[in-house]
Amino acid sequence: MNKELTPRYIVIGIILAWALYALLPSWKYQNLSEDEKESLRESGQLAQLESKIIRQGLDLKGGMYIVLEADIPLLMSNLAKNKDERFENVIKNVQEKLTAPDAEFFPLFKQEIASTGLKLPRYYHEFGGTIEDIFVQLEQEADDAINRVLEILQNRVDQFGVSEPTIQKQGKHRIVVELAGIQDPERARALLQSTALLEFYLVKGPEISNDIIQRIDDKLKGTTEIDDLVASKETLVENELKESDDTKTVSELFGEEDVNPAESNDSLLVDDALFAERPLLSLLIPMGTDYGVNEKNVYAVKKMLQNPEVMSIVKTAGGQFMFGNDIEKPAGAEDQPGFYRLYYLKSTSELTGGVVEEAKANLGSLGGGSAGQPVVSLTMNSEGARTWARVTGANVGQRIAIVLDKKVHMAPNIREKIPSGRTQIEGFANINEAKDIGIILRAGALPAPVNIIEERIVGPSLGADSIAQGTRSVVIGLALVLVFMVIYYKGSGGIADFALIWNILLVLAVLASLKATLTLPGIAGLILTVGMSIDANVIIFERIREELRKGKTPKTAIDAGFSRALTTIVDANVTTVIAALVLYQFGTGPIKGFATVLFWGILISMFTAVFVTRTIFNSLSARGRMNSLSI
Amino acid sequence: MRFIKDTHIDFMSQSRLSGLISLFLIAAGIISLGLNGGPKLGIDFNGGTMIAVNYTETVNIEEVRSALANVSLDGQHFDFSKAEIKHFGDDSNVAVRIATLDNEPENFSQKVVGFMRSIFPDKIPENKMDFILSIEKVGPKVGAELSGDAMMAVFSALVLILIYISIRFEFTFAVGAIAALAHDIMITLGFFSILGYEITLAVIAAFLTIVGYSLNDTIVIFDRIRENLKLNKRANYTDVINQSINESLSRTIITSVTTFFVVVILFLFGGEVIHNLAFALIIGVIVGTYSSIFVASPIVIRMHENKQD
Numbered sequence: 000m001n002k003e004l005t006p007r008y009i010v011i012g013i014i015l016a017w018a019l020y021a022l023l024p025s026w027k028y029q030n031l032s033e034d035e036k037e038s039l040r041e042s043g044q045l046a047q048l049e050s051k052i053i054r055q056g057l058d059l060k061g062g063m064y065i066v067l068e069a070d071i072p073l074l075m076s077n078l079a080k081n082k083d084e085r086f087e088n089v090i091k092n093v094q095e096k097l098t099a100p101d102a103e104f105f106p107l108f109k110q111e112i113a114s115t116g117l118k119l120p121r122y123y124h125e126f127g128g129t130i131e132d133i134f135v136q137l138e139q140e141a142d143d144a145i146n147r148v149l150e151i152l153q154n155r156v157d158q159f160g161v162s163e164p165t166i167q168k169q170g171k172h173r174i175v176v177e178l179a180g181i182q183d184p185e186r187a188r189a190l191l192q193s194t195a196l197l198e199f200y201l202v203k204g205p206e207i208s209n210d211i212i213q214r215i216d217d218k219l220k221g222t223t224e225i226d227d228l229v230a231s232k233e234t235l236v237e238n239e240l241k242e243s244d245d246t247k248t249v250s251e252l253f254g255e256e257d258v259n260p261a262e263s264n265d266s267l268l269v270d271d272a273l274f275a276e277r278p279l280l281s282l283l284i285p286m287g288t289d290y291g292v293n294e295k296n297v298y299a300v301k302k303m304l305q306n307p308e309v310m311s312i313v314k315t316a317g318g319q320f321m322f323g324n325d326i327e328k329p330a331g332a333e334d335q336p337g338f339y340r341l342y343y344l345k346s347t348s349e350l351t352g353g354v355v356e357e358a359k360a361n362l363g364s365l366g367g368g369s370a371g372q373p374v375v376s377l378t379m380n381s382e383g384a385r386t387w388a389r390v391t392g393a394n395v396g397q398r399i400a401i402v403l404d405k406k407v408h409m410a411p412n413i414r415e416k417i418p419s420g421r422t423q424i425e426g427f428a429n430i431n432e433a434k435d436i437g438i439i440l441r442a443g444a445l446p447a448p449v450n451i452i453e454e455r456i457v458g459p460s461l462g463a464d465s466i467a468q469g470t471r472s473v474v475i476g477l478a479l480v481l482v483f484m485v486i487y488y489k490g491s492g493g494i495a496d497f498a499l500i501w502n503i504l505l506v507l508a509v510l511a512s513l514k515a516t517l518t519l520p521g522i523a524g525l526i527l528t529v530g531m532s533i534d535a536n537v538i539i540f541e542r543i544r545e546e547l548r549k550g551k552t553p554k555t556a557i558d559a560g561f562s563r564a565l566t567t568i569v570d571a572n573v574t575t576v577i578a579a580l581v582l583y584q585f586g587t588g589p590i591k592g593f594a595t596v597l598f599w600g601i602l603i604s605m606f607t608a609v610f611v612t613r614t615i616f617n618s619l620s621a622r623g624r625m626n627s628l629s630i
Numbered sequence: 000m001r002f003i004k005d006t007h008i009d010f011m012s013q014s015r016l017s018g019l020i021s022l023f024l025i026a027a028g029i030i031s032l033g034l035n036g037g038p039k040l041g042i043d044f045n046g047g048t049m050i051a052v053n054y055t056e057t058v059n060i061e062e063v064r065s066a067l068a069n070v071s072l073d074g075q076h077f078d079f080s081k082a083e084i085k086h087f088g089d090d091s092n093v094a095v096r097i098a099t100l101d102n103e104p105e106n107f108s109q110k111v112v113g114f115m116r117s118i119f120p121d122k123i124p125e126n127k128m129d130f131i132l133s134i135e136k137v138g139p140k141v142g143a144e145l146s147g148d149a150m151m152a153v154f155s156a157l158v159l160i161l162i163y164i165s166i167r168f169e170f171t172f173a174v175g176a177i178a179a180l181a182h183d184i185m186i187t188l189g190f191f192s193i194l195g196y197e198i199t200l201a202v203i204a205a206f207l208t209i210v211g212y213s214l215n216d217t218i219v220i221f222d223r224i225r226e227n228l229k230l231n232k233r234a235n236y237t238d239v240i241n242q243s244i245n246e247s248l249s250r251t252i253i254t255s256v257t258t259f260f261v262v263v264i265l266f267l268f269g270g271e272v273i274h275n276l277a278f279a280l281i282i283g284v285i286v287g288t289y290s291s292i293f294v295a296s297p298i299v300i301r302m303h304e305n306k307q308d
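Same order as they appear, the protein sequences are chains B and Y. The first sequence begins at 0 in numbering that gives the first Met the number 0 and counts up one residue at a time. The second sequence begins at 0 in numbering that gives the first Met the number 0 and counts up one residue at a time.
Hints listed in this document are in silico derivations from the structure and should not be mistaken for laboratory results. Among the hints, erroneous ones may be present.
[Said to hold, decoys possible] For lysine-lysine, the following BS3-like pairs were computed, each having C-alpha atoms within a straight-line distance of at most 27 Å: (1) K554/B with K229/Y; (2) K302/B with K110/Y; (3) K328/B with K127/Y; (4) K140/Y with K302/B; (5) K406/B with K110/Y.
[Unchecked claim] Chain Y regions said to be covered by chain B (calculated; three or more residues, Cβ under 8 Å): (6) 134 to 146; (7) 152 to 164; (8) 191 to 205; (9) 210 to 216; (10) 249 to 255; (11) 276 to 290.
Here a beta-carbon is modelled for each residue, glycine too, at the ideal position from N, C-alpha and C.
Next comes chain Y alone, as it looks inside the complex (with noise of 0.2 Å):
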């Protein structure tokens, strides 16, 4: 079987338009990012604290909202009710998040499960500790900590790899390879923003794996480009990237479908604790294969052109 026959496909002539997509889509992103104050950061990063109960019957969230506008604890008063609460996984699994507080009673996150635990008395499964599902605490030092780190990591892998590209193939492949990542993160990360996923810990490794499996997609490309340039030294530069395009595109396909099947597989049944890693993958998958084609390869064409100048 052959999906992709000889093909012959310009590319590179539809660099224009493949641009303003790619500028449309990062555009909508930061538009989305600017409007909401940045990327919609999870408590990983922000801090505070998330629970996720179990009920045994499905719940109404609007009537966990209003029971949680009114929480005593320890003779303090809270009103959770604008704090982040939604389904976690099913309707009977309900998730609160609640930013950190300045008055903090001890043991606040098992105190704020016990009163989740009576807004429903009848609702609530036998063996007491099937009820939680997760209790995640972060102090705000450890969440700005954080951030710094995956910073740095996402920053120190970006700079790894475009030493390692300079070092395998000519320099303005790296620009072009890193122009394609940055591409890719951005889009993700704007597609984060418009949907309203979260940017968790997961989520940072989702952009790492992104960044590789990007590169991955560029790299064998740039690969057959080196080829074809040794093969035939005198050939028009663009028509060599279209050709290596071409000739790589039948691999580009093939894998991108089956990761991209695996991915969409992990979206759908590997549960809300991997969804947000997941949904990143996803759109990692196919803006990675996209901008491998339309952004990493005629960037090497312009410098290309420019050097010759």
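Isolated chain B, as found in the complex (with noise of 0.2 Å):
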């Protein structure tokens, strides 16, 4: 061998060493049976390898990609004191300019504030006396309260027990959580998207539930709105295909049932003259000492309730209205449409949650009502125990509604006085949902509430498909490749070909140390690298053959080959690097997995083209005089 040559082949060779090297856990993991996989995760090896391997995207594992997004709005409404309505429009009017694209809370809030001319230290006196300040501290405030969001779900998620998930802040009030192979979606978003605000309220007596329904009715009768309602009765079918239209919460109103009052089980509205005299109570029926609203009802009543004339009689008179948990269905009518409680509270609640130290879930014991029923089990801190001793001891007798993000879970009769600030939350669907509840309120409730503005699951069956096929596709475009090769450019075809496959091993190595991505786009990326790649190799071997068809021999004709393609492949490749470093920069997951993969092959295929098919070309030529070349 050329001594000159060798310090290549070391370089190569070391390379080549790191790549199988790095592929080897890969390898390893990829052979592992699923037992074991499970032996490895009892001695705790497993995670060991995983982190070793080259990662999958949700998009190939399957599993769920949800960006969150803290409500500024409403907690800057919440930490405001004295409010009217003049600040109610004012976080009104940005909550909608809000809907703009990259619109942010603050500037537009200080920009309403300056419009309105509102006092602004009238409302957060304790946050500073100028505007300046206010907002200084108001800013403070919303970055605290992500953190702690950021904090809590980790919580949270680290409880739920999912596999290296990923929780990350995205701009200022965004959060961006992934969770690989989740079975099960609804329960992950619960999870996540519950406040867990945890609150306690007395519930007012039958009476004046009476009263006020009494006074609701007394205030949507013969409105228009309802007027309307019985107006568009006829003329229902028509309304019920225009989505957007608002009459559309009235066709439901007059649902099927309606037509055919024996199926509705007397629950649902059978007769228009009560509707037109008791609206709202035409909607009710009597479960026990509450009342009850079909599902099929809830949207109608919950519109009445939204009622801004309603709703300003309710919180006149210091009461609101909520919703049960649960819909409860009568025995032996599983296939009816189920009723969901609607309770009448008072408006501040005696207790809430931040004073839960323990929350476990488990299944009622024997002899209690909740006898083999998931339950929450709750351990108050001494404060909280000694207001809820005083709350309970103040009003035997009376029904305390346990309410977990606005939904009441329960309203028990308060039996005695509990000084020790044990208390058990039942209405729960099944034990998972009682054990995530445990979960949300160990982890304590979120500072401000959050929404999901993008959501991405990707099934698991999806995820294994998207695997085969492009696996396959790899595979296959990679064989028709390499067979061309070797047939146009023959021996040196095979040399390309041994470079290409060195690539793609190389762009995998360089994957797993990098900890970097392969999503279903990356894969695409990886095929295009195949077809690419080999393109620095073309540039070379058409050079090549020029230069032999102008009477140069091999060696030379290499080496021109050789030097003239170099510039021509790096100008050609540095204008595919900054689009791929563009997208990396621009894509979210799949997107960036494309990039990454299309980055590396680039300038991965450069090298080999230029360094590792340069270095055999040129052990060819050195050994001994060469008369021709197989190209």
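Build the complex: two chains, separate frames, hints provided.
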């Protein structure tokens, strides 16, 4: 072997050895059976192995990608004291303007305050005396809130038990959560989005509830809104088809049950006259001492309760309406629509969940009313226990509603004073729900509610399909190109093929060691790299052929070919590198994966073409006098 | 083996014809875009919900559509029959795309999945999670932001590349290259519009790749032109360009063919998820190769002639 070339072979050998070493864990992992994985998991080695393999994106593994945005307007509104209509209007305007792309809360808030001349210190006196001071404090509050949200979500997800979750802040008020291999997206979503705001409210007595419903009906009766409801009955079918039309709620009110009262379980509106006279009451049916609302009517009832005049009646009466958490179905009517309880509560809470120290899900003990039912047992801190003792002691015989995220879980009678601060929440659909509630109560309430603004879920079967299809495409594409090169360039094609395989191994090795994520578009990038990386070799080979045609010897042709081709290769590939970098900057998840593969694919292909292929050519031509070149 | 022997094709004399072809393709695309009210944007940019589910047996799209005409979620009534409903991959999979609604109930996507499960109760996979292939939900604000980002990305890539080519070559070359790029993107957009393909995030990625690829091709030719101009200073400009294209023709064709192979395979075997991306790449490879010869080079000549006058 030529002495000059030895260092080059050493470099090539080292890189190859490194690539194989970097890919070894992935190879090992790929060949593990489920049982072997299980035993490795038990010995704690699995996580270590998993950290060294090529990470698969959610689109391949299956999983959930969610972007949450903290409700900053609500947080600010919660922080404000002495709120009045002017303040609410400002917040409302800001909320509307926030829907514009890239809009942020604080600049808009500042603008709105300037244009309306709102006296900020009136509402935020504890945050400072001047608008500037207050803003500094409020922005700090928002930052703190989002950081706390981040921490709490992390906590919840950790307890939920997902492998390698990522939870990151994105921009100022957003959080990106990635959960791989999630089996139940609904549950995961609830876990993330739940504010975990636990509150205890006294339930107002039946007479007071009846009275307020009477007053609401008096207000609603004969209003054009209700007239419209009745009048629109005939035009029902038409209205049903207009999705965005507000009258749709009306059509729902008069759903098919109305036409066929026999099937309606006597719960739905049967009587036009009653509806006209008592719009709200006609949609309620008694359930014990509570009212129930048919699930099909929930939307209509909500609409009525959201009527501004109704809201002000309820507010001045110091009360509020809240729905129950769970749908209830009469025994033996499981296929019938169910009912939600509607509670009338005091407007101020007696106690909130901040006092909860420990929350555990279990099955209710025998003997109690909740035997065998999933329950969450709470332990409160001493301050909470004192308040709880006082509240329960002062209201024996009354009902207290346990409310989580504005939904009533249960409203038991207070039988006696509870001094210990221990209490139980019932009303869960299953033990998993109880467990999740336990988790979120332990992790604490979110300081600001969060909304899901983007959500992408890939089911496990689609992910598996994508891997299979992606791999198949890579293999077929690669085989085609390999065969083509050998046919077209003969021996030199073989060298190019070697470089190509080397290239792919190296790209994968780089992905594995950079802990970059391979996504489906990333696999597409890999295939594209196969097609494009051959280009560098093609440019070189064509150049060598040209030089050979000019009558040069193989050795000089090779030298000339490589040196002339070099600038072309670099110039031509830099543009794709630029495109890949821009893509990486702009893209999320899958697209980033594509950009990463493209970027490394091109860089490595340049390297293999000008270094690896060249070395092989040189050693061929150096081996004595070379008379012909297989190209 | 050699496909392309020494060729002496006068490509530049064909520039009138090729110009007409390009104009025709671009015009067709613009007309289609005009008729369809712009490109067909996916939910990534428009916002909305896209749900793909997997039944165990073939289902009829029209049955799904009529069922979706009457959906009741939380007592709210919806008619989704006008939504885009199609098979996803094979005939047992269905994808539904619903625009953002003003009055969306909580956990909307999950509820729609629940409803879709109830349409064919006996065609549901045993494992609950196998029913959902994918759910994508993008809020209107995020969609608008992604559109802005995408435009910004394409734009900044173009600017950066323009700068790079201006540094490495003459400015006229940069103009030729960018014109070729604009040409490629316009035609690809046009094909997307005519064939009813959706523009998604992945398609934008494909566009940027086309940008890179098409330039790659253009630059190889430009490089040859630059080299030949140096070697032969007194030669006729058009002749040099023709000669350079002929000299690099073999490489152009081989690379295009291998790349074309692999993107076609991606299109055929890569699955539904990257169908649009692969489609954009196929069009891009063809148009990108064509434009380096028939768009970029004639423009360089035209600008050169103007400079001489």
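Here is how each hint holds up against the structure:
1. K554/B with K229/Y: OK: K554/B and K229/Y at ~25 Å, within 27 Å.
2. K302/B with K110/Y: 20 Å, holds
3. K328/B with K127/Y: 24 Å, holds
4. K140/Y with K302/B: The given pair, whose Cα atoms are some 26 Å apart, holds under the 27 Å limit.
5. K406/B with K110/Y: 19 Å, holds
6. 134 to 146: With 11 residues closer than 8 Å to chain B, the region 134 to 146 of chain Y meets the three-residue bar; holds.
7. 152 to 164: Held - the region 152 to 164 of chain Y has 7 residues with a Cβ nearer than 8 Å to chain B, which meets the minimum of three.
8. 191 to 205: That given contact holds, which follows from 4 residues of the region 191 to 205 of chain Y lying within Cβ reach (below 8 Å) of chain B.
9. 210 to 216: Since 6 is at least three, the answer is holds.
10. 249 to 255: This one holds; 4 residues, not fewer than the three required, reach chain B with a Cβ under 8 Å.
11. 276 to 290: holds (count 3)
Checked against the numbered hints given earlier, the structure satisfies every one of them.
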